[in-house]
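Residue numbers (UniProt numbering), protein chains in the order written: chain A, 1 to 138; chain B, 1 to 149.
There may be inaccurate statements among the hints.
Over the 10 Å line for every Cβ pair with chain B, so calculated as not near, a few chain A residues [to be verified]:
1. D23
2. P48
3. N107
4. L129
5. S136
The calculated lysine to aspartate or glutamate pairs, modelled on EDC-like cross-linking and capped at a C-alpha distance of 16 Å, are [unchecked claim]:
6. A/K16 / A/E111
7. B/K81 / A/E15
8. B/K81 / A/E31
9. B/K73 / A/D32
10. A/K3 / B/E60
11. B/K73 / B/E54
12. B/K81 / A/D34
13. B/K81 / A/D32
14. B/K73 / A/D34
15. A/K3 / B/D29
Covered stretches of chain B (in silico footprint by chain A; criterion: 3 or more residues with CB under 8 Å from a CB of chain A, positions within the stretch not fixed) [unchecked claim]:
16. 30-42
17. 51-59
18. 67-75
19. 79-85
These aren't lab readings, by the way, just hints derived from the structure by calculation.
Backbone N, C-alpha and C define an ideal beta-carbon position, used for all residues, glycine too.
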Amino acid sequence: MAKVPRNFRLLEELEKGEKGIGDGSCSYGLEDGDDIMMSHWNGTIIGPGHTVHENRIYSLKITCGEDYPDRPPSVQFVSRVNLPFVNPVDGKVDPSKLPVLAHWNRNYSIETVLVEIRREMGSASNRKLPQPPEGSTF
Amino acid sequence: MSLPKRIIKETERLVADPAPGITAAPHDDNLRYFDVTIQGPDGSPFQNGVFRLELFLPEEYPMSPPKVRFLTKIYHPNIDKLGRICLDILKDKWSPALQIRTVLLSIQALLSAPNPDDPLATDVAKHYKENEKDAQRVSREWTEKYANA
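Same shape as in the complex, but just chain A (with noise of 0.2 Å):
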């Protein structure tokens, strides 16, 4: 198969993203219009329901870097957030902690990512971790 390479691969990502996947609970976009390597990217999750993080609007920062998709985003949170794969300093996601990032596929995207991480939301261990107050942000 052929390799798309990674400008050509954001530039995908980001036409999907503008067109809104999946049933809205994650979304993303290009930080800045005028990026033209497409590197800042920002991300949203809503909270999944019946989970302590249900009608929650979180904000995240992602990056990918100029071997992306070879390798895996960096990924921020800026809203704050409980859970254990987030540093609770900064909003960093430790990419050993998240198996999205730790085991890293080319075929993923943005859009894993968010998905992935709202699911680990969701997860019987995560969902009803105490949580900072709503809006705060890191």
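Here the structure of chain A is known, so what remains is to put chain B in place on it, guided by the hints.
Okay, now just chain B, sitting in the frame of chain A:
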């Protein structure tokens, strides 16, 4: 990874017999991915500029068109902020009879003949329609600022 004969032939010809004002060279680690430069055509506001582009031949090529975008910033009604190009042969008017060379020549021609009636960068198109002279002045400024070889 085996490369279709057609792509090998096109690449050989692009390198051996380049079109005037155009260069295209494949990446060593991905022979479907090309670094491209296009010189701004004489008599256009892009004259004396050298514009960098990237081109990728998807798996379906030549049944699907190449993907191309500008890496150098350019003030042109059919090219947006991310360097995406609005050109019919890159979309619904693509034909497998076209080639990398014809695509790059068409992009070069687009620099000489902007089409503000089929815009991608709507603000630039509006500028071109309302005050072409002033829009061309900005295009020249950007060419000097960003496409200085």
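- Task: With a cut-off of 16 Å on the C-alpha distance, tell me whether B/K81 and A/D32 pass.
- Result: Since the Cα atoms of B/K81 and A/D32 sit roughly 10 Å apart, the hinted pair holds (cutoff 16 Å).
- Message: So if I understand the rule, the pair passes when the alpha-carbon distance is 16 Å or less; does B/K81 with A/E31 pass?
- Response: OK: B/K81 and A/E31 at ~13 Å, within 16 Å.
- Task: Report holds or violated for chain A covering the stretch 51-59 of chain B, Cβ cut-off 8 Å, minimum 3 residues.
- Result: n = 5 at 8 Å, threshold three: holds.
- Task: Measuring Cβ to Cβ, find out whether A/P48 lies farther than 10 Å from everything in chain B.
- Result: Given that every Cβ of chain B is farther than 10 Å from that of A/P48, nearest at about 33 Å, it holds.
- Task: Test coverage of the stretch 67-75 of chain B by chain A using CB-CB distances below 8 Å; three residues minimum.
- Result: holds (count 4)
- For A/L129, which was marked as not at the interface, is the minimum beta-carbon distance to chain B over 10 Å? Nearest chain B Cβ is 39 Å from A/L129, so the label holds.
- Message: Given the hinted pair B/K73 and A/D32, is their Cα-Cα distance within 16 Å?
- Response: 15 Å, holds
- Query: Regarding the pair B/K81 and A/E15, is the alpha-carbon distance no greater than 16 Å?
  - Reply: 14 Å, holds
- Query: Is the Cβ of A/N107 more than 10 Å away from each Cβ in chain B?
  - Reply: Given that every Cβ of chain B is farther than 10 Å from that of A/N107, nearest at about 14 Å, it holds.
- Between A/K3 and B/E60, is the straight-line Cα distance small enough, at 16 Å or below? 12 Å, holds
- Within the assertion that chain A covers the stretch 30-42 of chain B, do at least three residues meet a Cβ-to-Cβ distance smaller than 8 Å? holds (count 3)
- Holds or violated: B/K73 to B/E54, with C-alpha atoms at most 16 Å apart: Given pair B/K73, B/E54 holds - Cα atoms ~13 Å apart, limit 16 Å.
Consistency note: the structure conflicts with none of the earlier hints.
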